[in-house]
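K.L.:
Sequence:
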Amino acid sequence: MTRELKGRVILVTGAAGGLGAALCRRYAAAGARIAAMDLDAARLDDITAQLRATGAEALALPGDITDPTACKAAVTATLAQFGALDGLINNAGISHRSLLVDTDPEVIARVMAVNFFGAANLTQAALPHIVARQGFIVAISSVAGFSPLTGRTGYAASKHALHGFFDSLRSEVEGAGVGVTLVCPSFIRTGIGAAATDGSGAPVSSPRITTGGESSPEEIAQRIFEAVAAGQTLLLPDATARKAWWLSRLAPGLYARIMKKRVGREFAGLP
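Numbering follows the UniProt record's numbering, in which position 60 of the sequence shown is assigned residue number 60; successive positions increment by one, without gaps.
A portion of the hints provided could be inaccurate.
As the list claims (entries may be wrong) - Computed beta-carbon distance windows for the label pairs: (1) Gly253 - Ala41: 42 to 52 Å; (2) Ser200 - Ala251: 33 to 43 Å; (3) Gly55 - Glu172: 32 to 42 Å; (4) Ala256 - His163: 16 to 26 Å; (5) Glu218 - Gly55: 27 to 37 Å; (6) Asp104 - Glu226: 33 to 43 Å; (7) Gly55 - Pro105: 43 to 53 Å.
Quick caveat, the hints were computed from the structure, so don't treat them as lab data. Quick caveat, the model's predicted, so the values are computed rather than measured. Glycine included, each C-beta is placed from N, C-alpha and C at the ideal position.
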């Protein structure tokens, strides 16, 4: 697979964050050329400079994935720089921690805009070029993409939407040789939890409650790399995610009670 990736062009969103940066490094180490997109231009420049220091080819694409025009521009810039686009990793995401009754509708709209519409925008812009190369598309979902999660209604909705979108897209492009992989981790040591907002859109000050251990970004990046190479359609990259998958399907009521008991401790007003 390393030989196959040499010279291939991979576009990664949320590239300045923990998992995004780890994915950039992993694919660059395999010889891929990296188009790195993020809203944080300064951190993005740091990441691409680090990649170039290792001998990799890297392009910084500062931009907002919620803007369809910016997504088209990112794809155009990638093609202008590298001449092709072989893979897209939709990694950018944000979260919130608030009961729905305490959540401003604008918070949910923003979460949906980044997590779902951002991925849809960029995928649509990139799709003809990826089909031409028989490449791959990855969407970073979550355990919240296939099961409920108390206090994160907007986040769970955005991740559930990814599953409907990318599972349906797979049926449209698999015959053209394009792979589509959904990734559903539980907890990763990245900035998404620390950067979560409350119901008003302000940063959350209290730490999140986790179940099981947290994986490092590098561990998850490696598992994604292997899953894409193997043509997997769904990756549950850690033990907590795998347990959640099976329990939520075999005993959904029990799963919901356990989840609410653990995560619900974050919310004093939860009945």
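K.L.:
Each hint needs a verdict: does it hold in this structure or not?
P.N.:
Outcome of the hint check:
| no. | hint | verdict |
| --- | --- | --- |
| 1 | Gly253 - Ala41: 42 to 52 Å | holds (47 Å) |
| 2 | Ser200 - Ala251: 33 to 43 Å | holds (36 Å) |
| 3 | Gly55 - Glu172: 32 to 42 Å | holds (37 Å) |
| 4 | Ala256 - His163: 16 to 26 Å | holds (18 Å) |
| 5 | Glu218 - Gly55: 27 to 37 Å | violated (19 Å) |
| 6 | Asp104 - Glu226: 33 to 43 Å | holds (40 Å) |
| 7 | Gly55 - Pro105: 43 to 53 Å | holds (48 Å) |
Hint compliance for this structure: hint 5 is the single one not met.
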